[in-house]
Amino acid sequence: MFNAHQDIAVSQLLETLTTNQILHSLDFSPLEFRDLDLSGKIFTGCRFSHSVFSGVKLDHSHFRMCFFDFADFTHCTLIETDIQFCSFAGSQMSETTLKNSDLLHNNFNGLLASKSSFEDSDLYNSRFIMASLKDVSFQNCNLKKTMFFQTTRERVSFKSSNTREALFGKGENPE
Amino acid sequence: MKIYYHYSKDGFSNGYLVGNEKTGEAVIIDPGVMNNELLGHIEKNRFRLDAVLVTHNHESHHRGLRPLLRIYAPRVYAADTELKGRKTVLLQGDGTFAAAGFAIRYFAVPGHSPDSLMFQIENVLFTGDALSAGRLGTTNNMYGKRNLLTHLKNKLLSQNDDIIIMSGHGPPSTVGAERLYNAEMMDGASVKEI
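The listed protein sequences correspond, in order, to chains W and D. The first sequence: position 16 = 6 (my numbering), numbered continuously. Take any residue in the second sequence, note its place counting from 1, add 27, and you have its number in my numbering.
What the hints contain is simulated information worked out from the structure, not anything from laboratory work. None of these values were measured; they are calculated from a predicted model. Be a bit skeptical, because a hint or two may be false.
Claimed, not checked - Going by beta-carbon spacing under 10 Å, a handful of chain W positions derived as facing chain D:
| id | residue |
| --- | --- |
| 1 | -1 |
| 2 | 29 |
| 3 | 30 |
| 4 | 32 |
| 5 | 45 |
| 6 | 97 |
| 7 | 120 |
| 8 | 137 |
| 9 | 140 |
| 10 | 142 |
Note that the Cβ used here is the ideal one computed from N, Cα and C, for glycine as well.
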């Protein structure tokens, strides 16, 4: 569910973020989040465009129709998260892990990722068009209908993943 | 405005229920499937279904129309005079109409199909198959592609970067992201699949 965003003061936004378990339709862009533990929270229709996440723990969290476009994730953990129908277009991920997560129908186009992991995750119907991936692991992932077009890859592992069900651009197939 | 996203495994297509909390009314965009989940969203919110908007006349985008019309009596808006034996409110060119208390803008974007439309409700643009995240809609020939590109450049890229895009297939996006990461749109070059 996605709602039109509400206008709320930054201090009130941050208080809502830390005290509430369920967050609907809030616009957090372009706030900075450092060394926070936001594990287990539920976000629907929230916007984090151009936001900075550094050392943030988002394990077991749940996101629906959220927008992280052009956000920056450094040293973040999103282990066992459920993120569906969200956009990370143009975002950056460094030393960030999304291991063992449900990451269906997500937009990772233009993602700039390094030393990050999607291991053991379900990436069904997600897209990595024009993404730049360096030292990134997609080991043991479900890649059915996942698109990798015009993607730059350096030391990217797809070990034990169903790459034959993924969609790669011409000459970009990892096999 | 409340939006519920609905995925059809039959045609791998997206449908959307858009509710107006002020009026208690709703519209459905591209009912690719009608099932208990969609019914549940309508009933749980006690929405009165005012209209169905069809982006184009392809089965995967209106397969659920017939069962939907057995339960509810919405107006059906499309760029075809008839869908599933039901007369529609015909939309041609670009314009605005009112449904569910929303001022809904529509844009003709022929290319993927001659009857393709985009709908805009507040800051969300429903693009159907004209464009999805990082991809231009498929077309049958170069003329269709050029036609689609021209319409999208005039009607989509002319909008603000933070306008949200919800398409007929694939994940959501924004106008700003498509401006940067939709190579087909940027230069008209085709991304070749294996």
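Worksheet item: Which earlier hints turn out false for this structure, listed by number in ascending order?
Response: Hint check: 1, 2, 3, 4, 5 and 10 fail, others pass.
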